[in-house]
Amino acid sequence: DAKTTQPPSMDCAEGRAANLPCNHSTISGNEYVYWYRQIHSQGPQYIIHGLKNNETNEMASLIITEDRKSSTLILPHATLRDTAVYYCIVRANNNNDMRFGAGTRLTVKP
Amino acid sequence: NAGVTQTPKFQVLKTGQSMTLQCAQDMNHEYMSWYRQDPGMGLRLIHYSVGAGITDQGEVPNGYNVSRSTTEDFPLRLLSAAPSQTSVYFCASSYSFGTPSSPLHFGNGTRLTVT
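Protein chains in written order, with the working numbering: chain A, 1 to 110; chain B, 111 to 225.
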């Protein structure tokens, strides 16, 4: 039972913003939205998380809609090194089971 | 800090053989977990542990055993390998998984082939 829906693939031009959408229409009030990415065959890497406010860190920004049913991860100036599979996950803090879906394969092109 | 270290990086087994995938972390993390990743798919949780002496099953636990005798180590045992267990295995840890700002840190994986 997938809790998130992401497009399977997206392209982005180098230097432009990459906007990766995620639908989580059944999210509960105590569930956070997490984003991870996996570059080639390495282990996944944490990017950002949020509950209901928009968040920004040195890697990305996370925009969560007011009804919390969807969110967008923004990489402001994508580089070739940002080519990866990006995973959107929803999880409550009292849930020790973090489940990854298929994610979105982002390809940054020169 | 080495972070999360997985050994071996590659392994080939014959059907029916047993082996242990090793995972160690040097960050004093409470939470550790094992995932498997099959081609073109996301990660699926096998087992996890919230502290030494405590383990629990994830999404796909059958065919795998775990134990957590120390905070640092969380080995994954395949008792009788099957071709369906051919996969890439990732170990992950977190300082306090119940805290939102404590993300998972992953190792670089063990690539297992069962023939």
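If you're looking for bench data, these hints aren't it; they were derived computationally from the structure.
C-beta: ideal position from N, C-alpha, C; glycine also.
Check the hints yourself; a few may be wrong.
Label-pair restraints from in silico Cβ distances [unchecked claim]:
(1) B:N172 / A:P110: 43 to 53 Å
(2) A:E14 / B:N175: 41 to 51 Å
(3) A:I39 / B:D148: 34 to 44 Å
(4) A:N57 / B:N172: 15 to 25 Å
(5) A:T5 / B:M129: 28 to 38 Å
(6) B:G163 / A:E14: 29 to 39 Å
Here are some of the chain B residues that sit facing chain A, going by a computed Cβ distance under 10 Å [said to hold, decoys possible]:
(7) L153
(8) Y174
(9) E182
(message) Flag every earlier hint the structure violates by its number, smallest first.
(response) Hint check: 3, 4, 6, 8, 9 fail, others pass.
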